[in-house]
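**Student:** Chain order of the listed sequences is V and B. According to numbering that gives the first Met the number 0, the first sequence is numbered sequentially starting from 0. According to numbering that gives the first Met the number 0, the second sequence is numbered sequentially starting from 0.
Rather than coming from a laboratory, the hints here were simulated on the basis of the structure. There may be inaccurate statements among the hints.
Unchecked claim - To give an idea of the interface, some chain V residues facing chain B are shown, with a C-beta separation under 7 Å as derived from the structure:
#	residue
1	Val22
2	Gln299
3	Val300
To be verified - Straight-line Cα separation of at most 27 Å, BS3-like style, residue types lysine-lysine; simulated pairs:
#	chain 1	residue 1	chain 2	residue 2
4	V	Lys323	V	Lys10
5	V	Lys216	V	Lys254
6	V	Lys301	B	Lys72
7	B	Lys155	V	Lys10
8	V	Lys301	B	Lys78
Stated by the list, open to error - From the derived model, a few chain V residues whose C-beta atoms are all more than 10 Å from chain B:
#	residue
9	Phe46
10	Glu49
11	Pro61
12	Arg146
13	Lys216
14	Ile219
15	Asp231
16	Gly271
17	Lys304
18	Leu339
19	Lys340
20	Glu349
21	Gly350
22	Glu399
These figures come from a predicted structure and were not determined experimentally. Glycine included, C-beta positions come from ideal geometry on N, C-alpha and C.
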Amino acid sequence: MTFSNSNFPDKEGFYGEYGGKFVPETLMYALEELENTYNKLKDNKEFIDEFYKDLSHFVGRPSPLYFAQRLTDHYKSGSIWLKREDLNHTGAHKINNTVGQILLAKYMGKKRIIAETGAGQHGVATATVAARLGLECHIYMGAEDVRRQSLNVYRIKLLGAHVHPVDSGSATLKDALNEALRDWVTNVEDTYYIIGSVTGPHPYPMIVRDFNSVVGKEVIEQSKDLFGKMPDAVVACVGGGSNAMGIFHPFIDIKETRLIGVEAGGEGVSTGEHAAPLNDGTPGVLHGARSYLMQDESGQVKDTKSVSAGLDYPGVGPEHSWLKDIGRAEYVAVSDDDALKTFHEVTELEGIMPALETAHAFAYLEPLMKELDSSANVVVNVSGRGDKDINTVAEIDGIEF
Amino acid sequence: MNRLTSKLQNLKENNKKALVAYLVAGDPDLDTTLDLMHLFVDSGVDVIEIGVPFTDPIAEGPTIQKAHDRALKNNISLKMILELVNRFRETNTETPIVLMGYLNTFISHIDQVQSIGENSADSILVVDVPGELNLQTYGITNPNINTISLISPTTKDDRVESIAKNSTGFIYYVTLRGVTGSSNLNIEEIKNNIQKIQQYSDAPTMAGFGIKSVEDASTLAACSDGIVIGSSIVEMIADESKTKEFGRIGEYLREMKTAIS
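Extracted from the complex, chain B is given alone in its bound form (with noise of 0.2 Å):
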């Protein structure tokens, strides 16, 4: 079974919450990324969600664009990338990896994507694609990879189901109208939302985009099965990217899981 959906279902048997963290490959350097990605293993994190960068991150608020930025000036691809998650599975195979970029530079890779293998990336996320979209229309037919789509405030009804469909690792509900890192968490929304995506689909459904507390992320895991953390993460890689001492993210990712659990 996938590395990303048996996690998941692992989680929902024990009545657990999955925190998934986010990072762009490449921001600072790729040894650094590789550090990081340990680093939230150690803090608790269930999933870890690559950024890969883009020129044109149309999704992105400016905390994660900048991040995308820095990243391009290392040169960084997704065949570096795929590298990377190899290098990180030489000491740990069990921390699902879930790639998170936009189409072109998939699609720019395939033969990459479709060779990638049981012990790699466990799922691609692909933001400018509309969640009834099949990825295999693209080219992306490998059965190593599952598909992650995003399911918005604004998606109707009449779209919710086909979209929960093709969404083979989980369902990702954007929690609010904006681009990532954004404020304004409507929580009553959000719980409804999630309701209407649980009738139509065993997948697990996480919430994401705009969670930076501790309290957003206790409310929205009590009616998700868990929370993605994104923007701050980066933000705090950002500003310690000299000195390279990410206690305060390690320390922040606990507090988050405990939010949580």
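Next comes chain V alone, as it looks inside the complex (with noise of 0.2 Å):
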């Protein structure tokens, strides 16, 4: 069995022209050995079998693909399918990718683990596996969204891990991204970074694809279980793009199905305020990568907008910016009030309260529906729970609690 279906990235890491391994000198040996280590393991059976028997016992997969019955009705078209990657351990699809990497980090015989969080999804993904193996642990996450994300950050702690803000910048997942990469530069040869998104210098987009691409896999198994043919659309939101990529991947070659990304709109595209960098960005390098960014003239990056701090990301993965250029997966936007409307409409109608990155998912479902057969299966990939966002929803609906 093997990971991957496709034929990217190249071996120096690119997909197209965009991707690669702009790091500093000193990481350059850490990269190939972790690349290394990683071809050697792909595809052995032995951590194959340990990978997926983590999947199953500690994440809970298969995760279901739900019927959004009154979803449906609501759109009074097609069919809505729901991938539940809210269900997973600790709530969302970034456990997949941190069971897998700390994996490699136990071969590999790293003792201590780092790594970025947005939203703090990632970080408590990163926390829990930590914990799980005993391993020292550090997470580095802007301070704004420590201050919106609350909750995450004590989950954090409860699990042993030591949190720390970065002011730098504009105290966002870029900062945070920055600030781990200074972390391993510092202290390369002990230390394990996992990445939480299909972005950084290859070989993290490829790794971090593989791994979550089991999201796909199961979805193409169930969606011939459970309707007899590939879904016509599969829509995920896109910041770094992780959960878009493992959902996307396995459907690269399977042409019937569109593949749709929902980047964050902020306060809409046209206004500059928003963190969509694959709707209105230029190609540049950020984070050991070539791929779309939102830059000025000048090079320099852009401050993002968007109410949720997952999709909070001038960059995405460079695998998205090639599946864009050649066609292959289509990427629109959503502003931050439709994703608040729809956080409310979803929770209502389905009793399930998708994370703010999610709900701009779910809002694209809107024009999609009217647009799509009434015979159509759309799979939703609902990346992440909304517990965590409580408090920022509250918070702009004026209640105190």
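The task is to assemble the complex, starting from two chains supplied on their own in separate frames and drawing on the hints.
**Tutor:** In structure tokens form, the structure reads like this:
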């Protein structure tokens, strides 16, 4: 069994003209070490068995593909199916990747784990797997995100990890990534950096994609069982793009399925106040990879705006940039207002409270269901649950506890 | 011949070590940067390294990060920095200038980089391009510009050779695992690694990252072709950014120069 059904990235870690390894020299050996380890283990039966065993017994996979009756009734067209990553242990898709990467860390004999986090879901998922193996764990998180995701900060601390608030720059996810990279440069020999999205230098975008593509593989099997064919469209939100890449990747060669990534439109793409580089960015180099990027004409990275901490990132995984350019996936954007409205709608209609990130994917159903044939089967990747966002939503709704 | 190459050759022939000093363009403002560049030269600096500010400088420690942030508040771009270099060249055509920054700012100004003439900046050091990659891949083919690659304590032997070949200016040996301005230099390791580099290459090898004291400077200069001082200067610039009394910097640089002579 192999993890990948596509030939990308190439040997240098490029997806077309995107990706690569743009890092300070000190990290090159660590990336090579990681790549060699991964290439050795990815087809190793013992390693794969251990990974899938952990996914079953620790994460609770497979996650259901659930028919959303009332949401389907609401749009009066097609059939809407929910891939329930929100039911995973720790409440989001992020755990799939961390379970895989901590195994790599274990095989490499690394004693210290670091990670960046935006919404805190990746921080929680990393602290969780580190606790399970008894490894020292440090989580970098933008100071602004520490404030708006205080529940997850406390969860990370309960799991025995250290949270380092990052004040530099815009004090959000990108700055947390900068700081994690600096930690890695300093402690490179005993430290494993668990990157939380399909971003960063090669081989990370490939490794994170491969571990998370269990989601798409399950959807293919479940679609056959539940409605006897492949979905007409798969919809997922895109920040760095790991949940989207995990569900998209096994579908790349299944041409009848439209792949739709939904970016954070913030105040609206036309205002410039958003986090939608695939809709309104240009190619540039950030955090070790070339990809679409929100930048000014001087090549400086722009501040982003989104109600959702997990999508509040100026870059995007390089493979998404490539899928956009070759036209295999479509990328759209949904505003804060529409995402918030949909958050309430889905919660009331389905009894499922999606993460604010996930609410962006749901919000795109409105135009999509109108456009699709009435027999269409649409899968929404419910990348995470919304408990962590209750404070944010309450604050916006003017509610004090 | 390129100004940097000939300067370093000249120093080597006279058995002298190079003092390379770093500052961030536009911190606290461009006029002050110009004054500081002249002060550097007057205080014995052989090569000036100008930091090109970037929003996400992943190889920099807190001191230089803050300097980048201060410069970006003034909207400093690479175009403005090249204009600054031209102003410097009005009175100084001797001192080599290295632009040190991150790939995204250079490729965003590729036309300006390509049109750099003989009497401007002399070299480019891109921190986030691994040593064995060539800047030509990214469209930087200007013959007036030579390139500086970094080699670090974690660089494997088999890559040292190919990196050394790509370095037409000098080889920048990163003296520690960490970001700029860190401490804990391992002198024995540094000596061994620089010796190894010199087996593969005739290019001058400078030692940088974490050099603060006169003692560090003198020890490291003994086993290299020169040293790079960054964070400690940037810190002094920040301290005096209001008064603009930079006498202490001149004094510090002169001490460093003596230590490596």
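**Student:** Are the hints correct? Go through all of them and say.
**Tutor:** For each hint, the structure was consulted:
Taking 7 Å as the C-beta cut-off, the interface hint given for Val22 of chain V holds, the closest approach to chain B being about 6 Å. The interface hint given for Gln299 of chain V is met, as the beta carbon of that residue sits about 5 Å from the closest beta carbon of chain B, less than 7 Å. This hint holds: Val300 of chain V has a C-beta 4 Å from the nearest C-beta of chain B, less than the 7 Å allowed. The hinted pair formed by Lys323 of chain V and Lys10 of chain V meets the criterion: a straight-line CA distance of about 21 Å does not exceed 27 Å.
Note on Lys216 of chain V and Lys254 of chain V: the hinted pairing holds, with a Cα-Cα distance of about 15 Å set against a maximum of 27 Å. Distance hint between Lys301 of chain V and Lys72 of chain B is fulfilled; the C-alpha atoms sit about 13 Å from each other, no more than 27 Å. Among the hinted pairs, Lys155 of chain B with Lys10 of chain V is consistent with the structure: their alpha-carbon atoms are about 19 Å apart, no more than 27 Å. Under the criterion of a C-alpha separation no larger than 27 Å, the hint pairing Lys301 of chain V with Lys78 of chain B is consistent with the structure, at around 18 Å.
Every Cβ of chain B is farther than 10 Å from the Cβ of Phe46 of chain V; the closest lies at roughly 25 Å, confirming the non-interface assignment. Here Glu49 of chain V stays apart from chain B, with its beta-carbon at least about 29 Å from theirs, past the 10 Å limit. Interface exclusion of Pro61 of chain V from chain B stands, the closest Cβ pair being 38 Å apart, more than 10 Å. Residue placement check: Arg146 of chain V keeps its beta carbon more than 10 Å from all beta carbons of chain B (closest about 20 Å).
No Cβ of chain B approaches the Cβ of Lys216 of chain V within 10 Å, the least distance being about 34 Å, so the stated non-interface status holds. Residue placement check: Ile219 of chain V keeps its beta carbon more than 10 Å from all beta carbons of chain B (closest about 37 Å). The Cβ of Asp231 of chain V lies farther than 10 Å from every Cβ of chain B, with a closest approach of about 38 Å, so its non-interface assignment holds. The claim that Gly271 of chain V lies off the interface holds: its Cβ sits roughly 16 Å from the closest Cβ of chain B, which is beyond the 10 Å cut-off.
Taking the minimum C-beta to C-beta distance to chain B, about 16 Å, the non-interface status of Lys304 of chain V holds against the 10 Å cut. Look at Leu339 of chain V: its CB is around 29 Å from the nearest CB on chain B, clear of 10 Å, so calling it non-interface holds up. Taking the minimum C-beta to C-beta distance to chain B, about 33 Å, the non-interface status of Lys340 of chain V holds against the 10 Å cut. The Cβ of Glu349 of chain V lies farther than 10 Å from every Cβ of chain B, with a closest approach of about 39 Å, so its non-interface assignment holds.
With 10 Å as the threshold on Cβ separation, the claim that Gly350 of chain V sits away from chain B holds: the shortest Cβ distance comes to roughly 41 Å. Every Cβ of chain B is farther than 10 Å from the Cβ of Glu399 of chain V; the closest lies at roughly 35 Å, confirming the non-interface assignment.
No hint from the list above goes unmet by this structure.
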